[in-house]
Amino acid sequence: MRRRVAPYFLLGPGAAWLLLFFVVPLYYLFELSLNSGVFGSYEFNWHWENYSDALSLYDTQFERSFIYAGLATLFALLLAYPLAYTIAFKAGRWRNVLLFAVVAPFFTTYLIRTLAWETILSDQSPVVKVLDAIGLAPEGHVLATGGAVIAGLTYNFLPFMVLPIYASLERIDGRLIEAGKDLYASASQTFFRVTLPLSAPGVVAGTLLTFIPASGDYVNAQFLGSASNQMIGNVIQSLYLKQSDYPAAAALSFVLMAAILILVLIYIRFAGSEALMGEEAV
Amino acid sequence: MGERGGGAWRWLREHAVQIVGVLVVLYMLIPIAVIFGFSFNDPAGRYNFTWVGFTLDHWSNAFGIPELNEALLTSLKLAVLATLIATVIGTLMAMALVRYEFFGRRAANFLIVIPMATPEVVMGSALLSFFLLIGTFNLGFETLLIAHVMFCISFVVVVVRSRLIGFDRNLEEAAKDLGASPFETFRLVTLPLIMPGIFGAAMLAFALSIDDFVISNFNSGTTVTFPLYIFGAAQRGIPVEVNVIAMILFFFTCAAMGFATWQQRRAEKMASVRPEQESTIAVPAGAPAAT
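In order, the protein sequences belong to chains A and V.
Residues in the first sequence are numbered from 1 upward in steps of one, following my numbering.
Residues in the second sequence are numbered from 1 upward in steps of one, following my numbering.
So here's chain A without its partners, still in its complex pose (with noise of 0.2 Å):
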């Protein structure tokens, strides 16, 4: 009898909180989104037009971050890989100095960390001359366009695509990759049909952890950005926090996360759960 409700004691606490603040949030939120009304005055109506609204006033920017976020995965990806091999087979007992420099950018706020990037990229940075004497800053800038917001984005989320992969890569039984060489397998064959596959749940891991957070974030679009690279995260800050109009912003918050409900949903359909839920949880 103890060990039936035993569990259900230990989850409680926790259960109750994430019910209560963030479930029930999310009810609030769809709530919100079919008022209508002006500021002070909202009413519950059924107002579905606020999604058609917000969705024809905004599809600029719901596209721009999809695709500044896809980049920025894609980029992170590239990256992280090499890295996360290097420190999983190559690195010997240089492992945890590398594995701490992974982490070390989380010690440091993520506002200060975008505002060095600002610094970096600024016109009369030395990186800034690089990029330009090789033809990747037309007139010289960097700063405030696309190309910044999506290095922003790449960097930021960098440690989120190392750390799974890495792990995924630590856990592979070397024997596996002794036998595809014991079988004449080339280095690159022993790559591709071994530990490529081997380390796919990390990297499924890596870019949902990557694109999630990139797709709804509006910090590098605000420093590293100019208007024209606005992403969707910046216009539901500035109608919540700006203009109050609460319910727009509700509704361009739903359609953000019922979109990468989908795209997750999606791309875990072809990918596998496991990544996502934990081993056991499947």
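No wet-lab data here; the hints were simulated from the structure.
Treat each hint with caution, since some may be false.
Unchecked claim - Partial selection, computed: residues in chain A whose CB lies under 7 Å from chain V:
{"no.": "1", "residue": "11"}
{"no.": "2", "residue": "14"}
{"no.": "3", "residue": "77"}
{"no.": "4", "residue": "78"}
{"no.": "5", "residue": "79"}
{"no.": "6", "residue": "109"}
{"no.": "7", "residue": "212"}
{"no.": "8", "residue": "233"}
{"no.": "9", "residue": "236"}
{"no.": "10", "residue": "238"}
{"no.": "11", "residue": "253"}
Bear in mind that the values here come from a model prediction, so they are computed numbers and not experimental data.
Glycine residues also receive a C-beta, built at the ideal position from the N, C-alpha and C atoms.
Fit chain V to the known structure of chain A by using the hints.
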């Protein structure tokens, strides 16, 4: 000459992965170096974006801006409280999920994963809608604490759970065989062994809380945390002291991280009573998805 060039080329090819890896690490560290370097800058105007000259003034004046101190204090208070609450209830949840089979386990797992898969801007705006519509809470420290505990719980559960999964239950059996009560077993065997996991989870929660901007931006009312102060100051020019405090926080976190690794090694030694047990590599606290 040609042969030597070929040798260098071969070396490059053989070490291509490591070279890229090291370059990526440097890329990750550059902004930290910039923050550190510019904490010694002596900017001419209000903007600390171009290098003017070296000074130690801002390090000696690190706590000389009252609003900044107040924001930092609020952030620290918030992070400590949120960490304590989230770590305790998150650890309990992890115990339930790893140790028991029960009805609703899948739903509970889902409930824990879904906040991690939700963009912060959605969580922030949902909470604000909730607080505005029910009207019982005044936006401020209280609502910030509620929000911070909420987004920390899932990460605590994931980190502690991964520690519990690798747990050797025989050690608990042994304690019981030797006459320990369930509570004694928990306090003297289970808790010390999962302590590194709990400590890592707490550190992650603390880092998430003290660094949070987006959700706090929605739910802070007039309360100002450290990130909110920076955001507010960004428009009118950020004082160099912000860089100094960021670096102080950085060094403190590094020290805590070192302590956590040391503690984990110790716990592993404790647990490696059985000779065939392999020592596990310390996955750093910032690895939420490492399970």
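Structure-based check of each hint:
Interface hint status for residue 11 (chain A): upheld, as the beta-carbon distance to the closest one in chain V is roughly 4 Å, under 7 Å. Contact between residue 14 (chain A) and chain V, as hinted, is supported at the beta carbon level, the nearest pair being about 4 Å apart and thus within 7 Å. Here the hint on residue 77 (chain A) is broken, as its CB sits about 12 Å from the closest CB of chain V, past 7 Å. Checking residue 78 (chain A) against chain V: minimum C-beta separation of about 9 Å lies over 7 Å; hint violated.
The beta carbon of residue 79 (chain A) comes within 5 Å of a beta carbon in chain V, closer than 7 Å, and the hint placing it at the interface holds. A cut of 7 Å between beta carbons decides the hint on residue 109 (chain A): the least distance to chain V is about 6 Å, and the hint holds. Hint status for residue 212 (chain A): holds, given a least beta-carbon distance of 6 Å to chain V, under 7 Å. Evaluation of the residue 233 (chain A) hint against chain V yields a held restraint, the C-beta minimum of about 5 Å falling below 7 Å.
Because the beta carbon of residue 236 (chain A) sits about 5 Å from the nearest beta carbon in chain V, less than 7 Å, this interface hint is met. Interface hint status for residue 238 (chain A): violated, as the beta-carbon distance to the closest one in chain V is roughly 11 Å, over 7 Å. Look at residue 253 (chain A): its Cβ gets to within about 4 Å of chain V, closer than 7 Å, so that hint holds up.
The structure is inconsistent with the numbered hints 3, 4, 10, although it conforms to all the rest.
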